[in-house]
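Participant: Letter by letter, the chains look like this.
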Amino acid sequence: MWITDVIDESYRVAWGDLCHLKSNLLEVLLTGTVGPLLYLLAFGYGIGGSMGGGEEYVAFILPGILALATLSATFSTVSMRTLIQRLFYMSFDELLLCPIHVSAVVVGKTLAGMARVVISCSIILLVGCLIVPDASVNVQTVLILLLSAFMFSLLGFLAGIAVRRTNTLSLISAVVIVPMTFLCGTLFDVSALPSWAASVINVLPLTHVSELVRSAMGSGTVPSDSLAVVFVYTALFFGLCWYLIRTNRC
Amino acid sequence: MTSDCSNDGMGKDSIVEVSDLTVRFGDFTAVDGVSFNVRRGEVFAFLGPNGAGKTTTIRTITTIQRATSGRVVIDGFDIDTHRLEARRRIGIAQQHISLDNELTVAQNIRHHAMLHKIPRSEYRTRVLPIASGLGLDPYMSRRVSDLSGGWKRRAAITCAILHEPSVLFLDEPTAGLDTQSRHILWDLVRDLNAGGTTVFLTTHYMDEAEALCDRVAIISSGRISAIGTVDELRESVGPYTVEVTEGSKVAVTRHPTLEDARAYAESLGDVLCNVRLTNLEDVFLDISGGKCLVDHRCHR
Ligand SMILES: Nc1ncnc2c1ncn2[C@@H]1O[C@H](COP(=O)(O)OP(=O)(O)OP(=O)(O)O)[C@@H](O)[C@H]1O
Ligand SMILES: [Mg+2]
Numbered sequence: 009m010w011i012t013d014v015i016d017e018s019y020r021v022a023w024g025d026l027c028h029l030k031s032n033l034l035e036v037l038l039t040g041t042v043g044p045l046l047y048l049l050a051f052g053y054g055i056g057g058s059m060g061g062g063e064e065y066v067a068f069i070l071p072g073i074l075a076l077a078t079l080s081a082t083f084s085t086v087s088m089r090t091l092i093q094r095l096f097y098m099s100f101d102e103l104l105l106c107p108i109h110v111s112a113v114v115v116g117k118t119l120a121g122m123a124r125v126v127i128s129c130s131i132i133l134l135v136g137c138l139i140v141p142d143a144s145v146n147v148q149t150v151l152i153l154l155l156s157a158f159m160f161s162l163l164g165f166l167a168g169i170a171v172r173r174t175n176t177l178s179l180i181s182a183v184v185i186v187p188m189t190f191l192c193g194t195l196f197d198v199s200a201l202p203s204w205a206a207s208v209i210n211v212l213p214l215t216h217v218s219e220l221v222r223s224a225m226g227s228g229t230v231p232s233d234s235l236a237v238v239f240v241y242t243a244l245f246f247g248l249c250w251y252l253i254r255t256n257r258c
Numbered sequence: 031m032t033s034d035c036s037n038d039g040m041g042k043d044s045i046v047e048v049s050d051l052t053v054r055f056g057d058f059t060a061v062d063g064v065s066f067n068v069r070r071g072e073v074f075a076f077l078g079p080n081g082a083g084k085t086t087t088i089r090t091i092t093t094i095q096r097a098t099s100g101r102v103v104i105d106g107f108d109i110d111t112h113r114l115e116a117r118r119r120i121g122i123a124q125q126h127i128s129l130d131n132e133l134t135v136a137q138n139i140r141h142h143a144m145l146h147k148i149p150r151s152e153y154r155t156r157v158l159p160i161a162s163g164l165g166l167d168p169y170m171s172r173r174v175s176d177l178s179g180g181w182k183r184r185a186a187i188t189c190a191i192l193h194e195p196s197v198l199f200l201d202e203p204t205a206g207l208d209t210q211s212r213h214i215l216w217d218l219v220r221d222l223n224a225g226g227t228t229v230f231l232t233t234h235y236m237d238e239a240e241a242l243c244d245r246v247a248i249i250s251s252g253r254i255s256a257i258g259t260v261d262e263l264r265e266s267v268g269p270y271t272v273e274v275t276e277g278s279k280v281a282v283t284r285h286p287t288l289e290d291a292r293a294y295a296e297s298l299g300d301v302l303c304n305v306r307l308t309n310l311e312d313v314f315l316d317i318s319g320g321k322c323l324v325d326h327r328c329h330r
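Sequences listed follow chains A and B, in order.
Each residue of the first sequence is one higher than the last, beginning at 9 in the working numbering.
Each residue of the second sequence is one higher than the last, beginning at 31 in the working numbering.
With the rest of the complex left out, here is chain B (with noise of 0.2 Å):
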């Protein structure tokens, strides 16, 4: 799928570069020499299901994590040579939250500010200004183990926007919020990005995705399977679906066209059926269930 859909970020205006990253753990392979560019200004997207190997390869990418072999370069700066000037330009909200639980939220962004050499003067002008922003005010002073999640996570990723980094990498930023909140960080995510920065992003809701990314890669046990807009993803498995309900199953089909999709559902007679556009979980199933299309017509 990566080597015939012509999107793949290569060639182009690049702030992330990974060529060929392998990450094992003992003689298992989470990811497995996984080479994609995020270009700068846009929302990137990591789908995949559960272990498919998300975290790792973020974690890798902000050298948290050691790469068994392959390269990433940030912002020009290689993770290995220049760690320190590539550690500037990265922020990440990590998926398990990582704040030191037995300090308040004032005191963990405090200490993000002081690790990134924020001055005090703008640490009030600026930062304490995003901690409200995000609703933060009432809970400075609380210790972060008496937080809820949701405000848990609000604080972590104050913490990992507060440096102004060129890129941010938020893994699974919107697991266990609620509805408002969860758009409130959409609504920060565009602000961000029109901004200027650089959004990567990992998560299982495929409607944020299909809001916020400019682009999606799919991964699955520990490879891409395809990468590209929502668009083109939608077009490589057939923009179209025919969704046919016999009893309780649903069967879908994709289909190139309107007309074929249209054709194709008459053709079927007397059965309940219905023809709509393909969206990205439709895409998700199909290719990340191992079923990648060569035919634009799949039964399943």
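So here's chain A without its partners, still in its complex pose (with noise of 0.2 Å):
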């Protein structure tokens, strides 16, 4: 059967990047989750605080916050990892001439960075719901989180495998990654900007994801065309995943 080969075949491509998370562990789980929980104290109380209804704001970002770190826990490592093992270590080769299918290669090597999305937002959501009781988390909301570290892993892996220097990807993160951060609705209401400002982040992938998560933490429902957007991003950075290491072309 195609799929579970390839479901098998993933966690052999996996396998090597997950040996390297365990032994970092340690700088996985500050790398994770010190940013976003900085953000939660200093957003949520020193912000929210001093202009009166701290709590309330906790409550509003916390789920921005779990969505932000399922870009910030993937993006920067995966891509880094997978320029390095492409362009340092030549190790990458290994995955182009051994027997398994392209599909498999793309999914094996976001693996690493759903763990790491997996370790992270259960301490910020351990955290969150310490300081906010009422926080709830469903069956929904795990599986959007999932789903979007999933695609911004597979957005990591793209740009690792697509870019030549490791400047180039610096430069996308300080262009794209980093404004994404702080104004996809993670950190306050999109509808607070500017109507043409709100068009253009309308379009990003995590004001999508930070939709459906506060939506699922919220009232338990899924807006489903916010879905959409995120299927349609997960599926063309596979496409072009899968375009790339077919061709040869990485």
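These aren't lab readings, by the way, just hints derived from the structure by calculation.
These numbers were taken from a predicted model, which means no experiment stands behind them.
Watch out, some of these pointers could steer you wrong.
[As the list claims (entries may be wrong)] If you only want the chain B side, here are some residues facing chain A, beta carbon under 7 Å, derived:
| hint | residue |
| --- | --- |
| 1 | Arg96 |
| 2 | Ser99 |
| 3 | Arg101 |
| 4 | Asn131 |
| 5 | Met144 |
Glycine included, C-beta positions come from ideal geometry on N, C-alpha and C.
Hey, can you piece these two chains together into the complex? The hints should help.
Facilitator: Rendered as structure tokens:
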């Protein structure tokens, strides 16, 4: 069966990265959680508190910070490790010459990123539930976080195989990732932005992830238009990765 | 040269068939319409100066690199249409060691075994002994980045052969190895070859090619300028060499027969000269130096 082959092969591809993750657990814990927790405190209590309504604001940004964690725990680590394996260790070549489906290579290279998200989101949720007692986590939330982790890991992998220099990664990070971090409905409502800015922001994937997580944690509903956008981005990133590898363009 | 050499590998039981392979990087042509076959069970070598296109050819044949045009068939499987089947038959130790530096030797080897779907039991009974055989036991739990070049090379070779490929590509396998390691590697190549593995290697050491190879191809500027057994190539430039020493310079000429060489040496009169067999290094210099000898006698 093609699908069982791909699942099995994905794990085989991911094994090396998971070993790497396991031997760097402390680094994973710190890079994946310090940033988001800092946002929670600085924005939730600091800014929210000083303007009044601190508790309410913390409840507002918790879903946003979870959404954000699916991006920050994946993109830079997945893209950087892929780039290093490709350009410096050349160990990425081994994936290009082993008898494994291209889809399995693509999925496998996202699994370590997803594992990072599981770790950092668990900790953020733990802390979040302590400070926002009525925060609720349901199956929808978990599935959305995983889907988003998959999407952003694919984006990281795509950057890692498409780029030829480490500088380009920093550039992508500065002009795409950092603006997304702040503007995509994670820390404040997109409707507060002028309409032209809001229409740009509404195209970005993280905006829809924030929307989905907030809605799932709040009312338990899943807005289908945002879900569709996330699926389209996921399919697009997957397709591009698949194409680059299949045609040896990486 | 290729055309007048009957031993170009075509028509026999070939395991690697390369036809009209071209690889371009932008407007630079690294491999320029190369065609050759590697026969099942032989040890075949690519010789050529730096930048000749050896690595590019090997990376393209092994599906790592994209060909601009041309066709490659491995054991009957076209690498474009039957990529996975072709890959199952290939093992490669690249010129640039391709291991994950942040993992240990054992983790790298295990990861390779997993990628090639080798069951756990077989991993213990067959793969680990390969690593032991190459003396890797004390290094198994060391990170690859902490090893010296020679040990990295041995780990990479273990990874290349652990899935028992039918054709093994070794791109400069002995570059940077000490003499002992070089001989261990030569023995390994002979053992694998005796066990039925076809070996395709590149090297800058002519003694290595002479010691190991059934046939060699000389490639320069992306084209094959000669292909055949060492004897055939020697024959093609002249199997006997006369070296004439004048001061600090040595002039060499090639000759078709020993008599011819002796007669030539005697005709020179009272100079210091030496008649010897032409070796692969002579052949290589003649051919890759751009001097394709039509005449059997060449003054350099
Ligand atoms: N990715 C690339 N982009 C551009 N040019 C390349 C690339 N890879 C190789 N080349 C060029 O192709 C030519 C052939 O390189 P290749 O590595 O195949 O040579 P080689 O015969 O293996 O040399 P060496 O003996 O030094 O290993 C060189 O001129 C090299 O600069
Ligand atoms: Mg080379």
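Participant: Against each hint, give a clear statement of whether it holds in the structure.
Facilitator: Cross-check of the supplied hints:
1. Arg96: Holds: closest Cβ of chain A sits about 4 Å from Arg96(B), inside 7 Å.
2. Ser99: Status violated, d = 14 Å.
3. Arg101: For Arg101(B), the interface hint is violated, since the closest Cβ of chain A sits about 15 Å away, which is over 7 Å.
4. Asn131: The hint holds - Asn131(B) has a Cβ within 7 Å of chain A, the shortest such distance being about 5 Å.
5. Met144: It holds, given that the least Cβ distance between Met144(B) and chain A is near 4 Å, below 7 Å.
In this structure, the earlier hints numbered 2, 3 are contradicted, and the remaining ones agree with it.
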